[in-house]
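Novice: Here is what each chain is made of, one letter per residue.
2 protein chains.
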Amino acid sequence: MIIDFDALEEQEIPNFKGGDGSVSAAAHVDANNRIMRATVHPHSSIGWHQHLKNSEIVYVLSGTGKVVVEGGEEPLAPGVCHYCPAGSYHSVVNDGEEDLVVFAVVPEHAALS
Amino acid sequence: MIIDFDALEEQEIPNFKGGDGSVSAAAHVDANNRIMRATVHPHSSIGWHQHLKNSEIVYVLSGTGKVVVEGGEEPLAPGVCHYCPAGSYHSVVNDGEEDLVVFAVVPEHAALS
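As they're listed, the protein sequences go chains A and Y. Numbered according to this note's numbering, the first sequence spans residues 1 to 113. Numbered according to this note's numbering, the second sequence spans residues 1 to 113.
Incorrect hints may have been included.
Each pair may be met inside one copy or between any two copies, as identical chains are not told apart.
Unchecked claim - Below, computed lysine to any residue pairings styled on SDA-like, alpha-carbon distance capped at 25 Å:
1. Lys66 x Arg34
2. Lys17 x Ile2
3. Lys66 x Asp30
4. Lys66 x Leu52
5. Lys17 x Met1
6. Lys53 x Val29
7. Lys66 x Met1
8. Lys17 x Gly96
9. Lys53 x Ile3
10. Lys17 x Ser62
11. Lys66 x Ile2
None of these hints come from the bench; they were simulated from the model.
Take these sequences, add in the hints, and give me the full structure.
Specialist: Set out below in structure tokens:
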């Protein structure tokens with residue numbers, strides 16, 4: 001099946017996971033996967049949270065920012081892939097002046113990595 | 001963690017899943033996810049196969065082609081997202097004249113969708 005993000009309703013989420021500002025996302029969700037195109041607006045963030053029985057894979061489409069992880073920070077730019085394995089924590093921060101747009105998948109797993 | 005596809009060894013796979021020509025892929029693999037950047041070369045394909053306890057999410061980075069699914073065909077172009085839920089079959093075909101480059105995730109799940 002094709003997931004047409006432009007045809008999905010975009011949800012605006014203020015203070016997502018306790019972060020700053022707002023994030024908007026168009027998502028296809030079933031029992032196994034949340035598949036989304038998400039926009040972290042300038043000076044906004046997705047707060048620090050853990051992925052337990054799921055993981056998250058983020059591929060940057062446009063914009064810049066950073067991911068805060070347990071060991072430090074990872075810069076985000078177009079074409080960068082960030083992976084938060086099951087069991088890990090992260091926070092996504094747009095500290096730039098343009099939208100940070102990502103393609104992201106949150107799959108549900110049976111086990112920790 | 002950052003997955004740097006340019007730093008991973010790219011594997012060239014002829015007749016992948018019984019398809020035509022060859023596919024090359026740089027992949028990060030753990031117990032829960034196969035995360036890859038794959039190139040389906042012109043006149044090449046990934047053969048018809050089923051995803052059973054995993055699924056596949058494909059996001060087209062460049063090039064064109066199509067996915068053959070149980071109900072027909074889905075055109076691929078940059079920015080298109082194809083989803084093969086657990087339990088479904090698909091085949092990816094590059095019937096164009098340039099490389100079809102995709103970002104793809106194959107997550108392992110406990111259950112069918």
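Novice: For the identical chains here, do Lys66 and Met1 meet the 25 Å Cα criterion within one copy, between copies, both, or neither?
Specialist: Between copies only: 11 Å across chains, 31 Å inside a chain, cut-off 25 Å.
Novice: Between copies, within a copy, both or neither: which fits Lys66 and Ile2 at Cα up to 25 Å?
Specialist: Result: close only across copies, 11 Å inter versus 29 Å intra.
Novice: Should Lys66 paired with Leu52 be assigned to within, between, both, or neither, using CA atoms and 25 Å as the limit?
Specialist: within (21 Å within a copy, 35 Å between copies)
Novice: With identical chains, the pair Lys17 and Ser62 could be close in the same copy or across copies; at 25 Å between alpha carbons, which is it: within, between, both, or neither?
Specialist: within (22 Å within a copy, 33 Å between copies)
Novice: With 25 Å as the alpha-carbon cut-off, assign the pair Lys66 and Asp30 to within, between, both or neither.
Specialist: Classified as between: cross-chain Cα gap 24 Å, same-chain 28 Å, threshold 25 Å.
Novice: At most 25 Å between alpha carbons: which applies to Lys17 and Gly96, within, between, both or neither?
Specialist: within (20 Å within a copy, 43 Å between copies)
Novice: When no copy is specified for Lys53 and Ile3, does a C-alpha distance of 25 Å or less occur within a copy, between copies, both, or neither?
Specialist: both (24 Å within a copy, 21 Å between copies)
Novice: How would you classify Lys66 and Arg34 at a CA-CA limit of 25 Å: within, between, both, or neither?
Specialist: Both: 22 Å inside a copy, 23 Å across copies.
Novice: For the identical chains here, do Lys17 and Met1 meet the 25 Å Cα criterion within one copy, between copies, both, or neither?
Specialist: between (30 Å within a copy, 20 Å between copies)
Novice: If the cutoff is 25 Å on CA atoms, where do Lys17 and Ile2 land: within, between, both or neither? Let me know, please.
Specialist: between (28 Å within a copy, 22 Å between copies)
Novice: Go through the copies and call it for Lys53 and Val29: within, between, both or neither, with a Cα cutoff of 25 Å.
Specialist: Classified as both; 16 Å inside a copy, 17 Å across copies.
Against the hints set out earlier in the document, no violation occurs for any number.
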